[in-house]
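Asker: Once you know that position 386 of the sequence shown is 386 in full-length UniProt numbering, the rest is easy, because the numbers rise by one and skip nothing.
Certain hints may be false.
Subject to a maximum C-alpha distance of 30 angstroms in a straight line, what follows is the list of computed DSS-like cross-link-like pairs (lysine-lysine) [what the hints assert, rightly or not]: (1) Lys-76 x Lys-501; (2) Lys-501 x Lys-209; (3) Lys-201 x Lys-227; (4) Lys-241 x Lys-184; (5) Lys-148 x Lys-114; (6) Lys-225 x Lys-508; (7) Lys-416 x Lys-201; (8) Lys-188 x Lys-225; (9) Lys-416 x Lys-501.
Here are the in silico distance ranges between beta carbons for each label pair [stated by the list, open to error]: (10) Val-342 x Lys-227: 44 to 54 angstroms; (11) Glu-388 x Thr-409: 16 to 26 angstroms; (12) Asp-181 x Ser-528: 35 to 45 angstroms; (13) Asp-181 x Lys-76: 28 to 38 angstroms; (14) Asp-122 x Thr-409: 26 to 36 angstroms; (15) Glu-373 x Asn-457: 20 to 30 angstroms.
Just so you know, the hints here were simulated from the structure itself, not pulled from any lab data.
Ideal Cβ positions, reconstructed from N, Cα and C, are used throughout, including at glycine.
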Amino acid sequence: MSAMIFILSTILLGCSGSGESVENSATTSESSNTITFAWPRDIGDLNPHLYNPSQMFAQSMVFEPLVSYQDGGELKPHLAESWEVSDDGKEYVFNLRKDVKFSDETSFNAEIVKKNFDAVLDNVDLHSWLGFIPKVTQTEAIDEHTFKITLNEPYYPTIQELAVVRPVRFLGEAGFPQDGDTSKGIAKPVGTGPWVLDEYKVDEYAIFKRNDNYWGNLPSVEQIKVKVIPDAETRVLAFEKGDLDLVYGEGVISLDSFIQLESTGSYDTSISEPVATRQLVMNTNIEQLSDIRVRQALHYGFNKEAMVEGVTSGVEEKADYILPTNFPYTSNVDATTVNYDVEEAKQLLDDAGWKLPEGKDIREKDGKPLEIELMYNSAESIQKTMAEILQSEWVALGVKLNIVGVELTTQVERFKANEFDMNFFSNYGAPYDPHAFVNVVATEGFGFREAISSYPNKDELLSQIAAVQQTTDENERQELYTSILGSLQEQGAIVPISYIKQIAIYQKGVSNFTFPANRDEHPFTGISVNE
1 MSAMIFILST ILLGCSGSGE SVENSATTSE SSNTITFAWP RDIGDLNPHL
51 YNPSQMFAQS MVFEPLVSYQ DGGELKPHLA ESWEVSDDGK EYVFNLRKDV
101 KFSDETSFNA EIVKKNFDAV LDNVDLHSWL GFIPKVTQTE AIDEHTFKIT
151 LNEPYYPTIQ ELAVVRPVRF LGEAGFPQDG DTSKGIAKPV GTGPWVLDEY
201 KVDEYAIFKR NDNYWGNLPS VEQIKVKVIP DAETRVLAFE KGDLDLVYGE
251 GVISLDSFIQ LESTGSYDTS ISEPVATRQL VMNTNIEQLS DIRVRQALHY
301 GFNKEAMVEG VTSGVEEKAD YILPTNFPYT SNVDATTVNY DVEEAKQLLD
351 DAGWKLPEGK DIREKDGKPL EIELMYNSAE SIQKTMAEIL QSEWVALGVK
401 LNIVGVELTT QVERFKANEF DMNFFSNYGA PYDPHAFVNV VATEGFGFRE
451 AISSYPNKDE LLSQIAAVQQ TTDENERQEL YTSILGSLQE QGAIVPISYI
501 KQIAIYQKGV SNFTFPANRD EHPFTGISVN E
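Generate coordinates for the entire structure from the input sequences, incorporating the hints supplied.
Answerer: And the structure:
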């Protein structure tokens with residue numbers, strides 16, 4: 001399984017509720033110093049080394065990384081207080097914090113770090129989507145607080161990938177099964193994080209209590225209660241009734257509901273910085289889209305700003321670049337931004353040989369109509385509405401756009417199989433990008449290879465993408481990303497539409513809510529509630 005296909009499947013397909021009934025025999029009286037929020041799925045078994053059905057926000061409450069991803073892509077010490085990288089980019093030495101204990105008060109040290117890494121490496125095929133994992137040749141506990149990993153080749157995103165929520169966070173000794181194979185499950189979720197799972201009823205709720213022995217800044221609230229509410233409208237009703245203190249995330253409620261609740265003035269709201277870009281990907285292997293002038297015409301031929309404003313009620317903003325500019329290495333991309341210009345679009349189509357025959361509505365070339373199919377996720381109202389708007393605007397150019405709604409699994413499968421003309425896509429966000437995005441462009445058996453198939457500089461692009469992973473020179477890396485991202489955009493097969501943002505709405509008693517820089521982390525670090 002290719003790395004990027006796995007990422008797409010796990011991030012886009014999301015997580016499903018656990019079918020196993022697990023309930024803590026202890027009961028906890030709910031503290032008044034509690035934040036209650038809703039989530040559409042059960043939290044899962046909280047295995048730090050596995051994926052679905054465990055929910056990433058919950059895993060990040062209990063388990064911590066060696067390094068953390070902060071605003072602007074800055075990587076800061078976390079369980080490692082510092083690290084050194086060898087000149088050849090193959091050896092990473094981590095100096096671990098000495099004041100950290102797991103929630104059961106056992107010590108965090110280099111031996112337990114090694115045990116966790118080795119558990120992951122024992123199942124390398126399962127985790128090879130994370131680029132540095134298959135490159136690890138050795139792990140060493142040099143002394144009690146010094147840990148070293150050695151790679152078989154330089155791979156600069158290693159530190160960035162150590163900030164992801166899974167699978168490289170740390171389980172205490174008591175959490176390991178007897179045979180040490182965490183791929184089959186864990187004994188219990190023992191971590192170093194600020195929260196401990198205290199009470200849990202599958203598919204109903206989970207209560208996390210504050211870890212009062214936490215080594216870092218102690219959370220203000222004593223408990224976080226997660227109510228499992230699968231239906232978005234039911235979540236809205238529960239919030240309006242006051243049963244919930246907070247609703248946050250992407251797609252947890254409709255944007256219309258968010259705007260309506262905000263308009264009442266009864267609640268506080270927050271909107272995050274861009275976490276991803278909503279993109280339109282064109283398959284340049286399709287004859288109609290093989291000419292850059294056609295791709296550019298389609299970009300000129302719809303009013304992006306009006307569409308984004310109308311469809312997202314101003315929550316999202318039109319995107320000028322294929323990745324948000326608040327990600328590492330993305331702020332200096334030199335690419336032409338496209339403004340709505342119907343006449344320019346028509347001229348480009350004429351120049352490309354697609355003429356509008358007298359008495360007809362659709363352009364033709366060599367007797368073939370300019371007809372294209374756009375695939376969208378039928379359960380995603382924003383994609384559906386945007387597809388309908390593009391269909392309406394492009395028919396004015398003489399372009400027939402057939403829109404086809406499919407289930408998300410089908411959308412992913414068809415994109416992977418290169419069975420598409422156009423497709424909606426969003427990149428992976430922090431801390432995965434930009435390296436994960438450019439890697440997927442170069443991945444065989446994935447839609448982006450078809451998107452760039454007619455690029456005149458395709459071979460150079462693929463060479464640059466390979467080189468940027470291994471460069472140990474920061475300036476060279478920046479130059480490569482600037483060139484790669486600029487070229488991808490200039491060739492017009494990846495059209496940025498809007499910057500996706502997370503939303504939060506909370507009761508007036510909730511304060512100090514902030515979105516994490518890491519898209520998958522929990523947002524409870526500094527949050528507080530009036531008792």
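Asker: Now tell me, hint by hint, if it's right for this structure.
Answerer: Comparing the hints with the structure gives:
1. Lys-76 x Lys-501: holds (23 angstroms)
2. Lys-501 x Lys-209: holds (29 angstroms)
3. Lys-201 x Lys-227: Roughly 10 angstroms between the alpha carbons, so the hint for Lys-201 and Lys-227 holds.
4. Lys-241 x Lys-184: violated (41 angstroms)
5. Lys-148 x Lys-114: holds (9 angstroms)
6. Lys-225 x Lys-508: This hinted pair holds, its Cα atoms lying about 18 angstroms apart.
7. Lys-416 x Lys-201: Between Lys-416 and Lys-201 the Cα gap is close to 37 angstroms, so the pair fails against 30 angstroms, i.e. violated.
8. Lys-188 x Lys-225: holds (19 angstroms)
9. Lys-416 x Lys-501: holds (26 angstroms)
10. Val-342 x Lys-227: 44 to 54 angstroms: holds (49 angstroms)
11. Glu-388 x Thr-409: 16 to 26 angstroms: Check passed, 22 angstroms falls within 16 to 26 angstroms.
12. Asp-181 x Ser-528: 35 to 45 angstroms: holds (40 angstroms)
13. Asp-181 x Lys-76: 28 to 38 angstroms: holds (32 angstroms)
14. Asp-122 x Thr-409: 26 to 36 angstroms: Holds, at about 29 angstroms.
15. Glu-373 x Asn-457: 20 to 30 angstroms: Since Glu-373 and Asn-457 have Cβ atoms about 27 angstroms apart, the given range 20 to 30 angstroms holds.
Hint compliance for this structure: hints 4, 7 are broken, all remaining hints hold.
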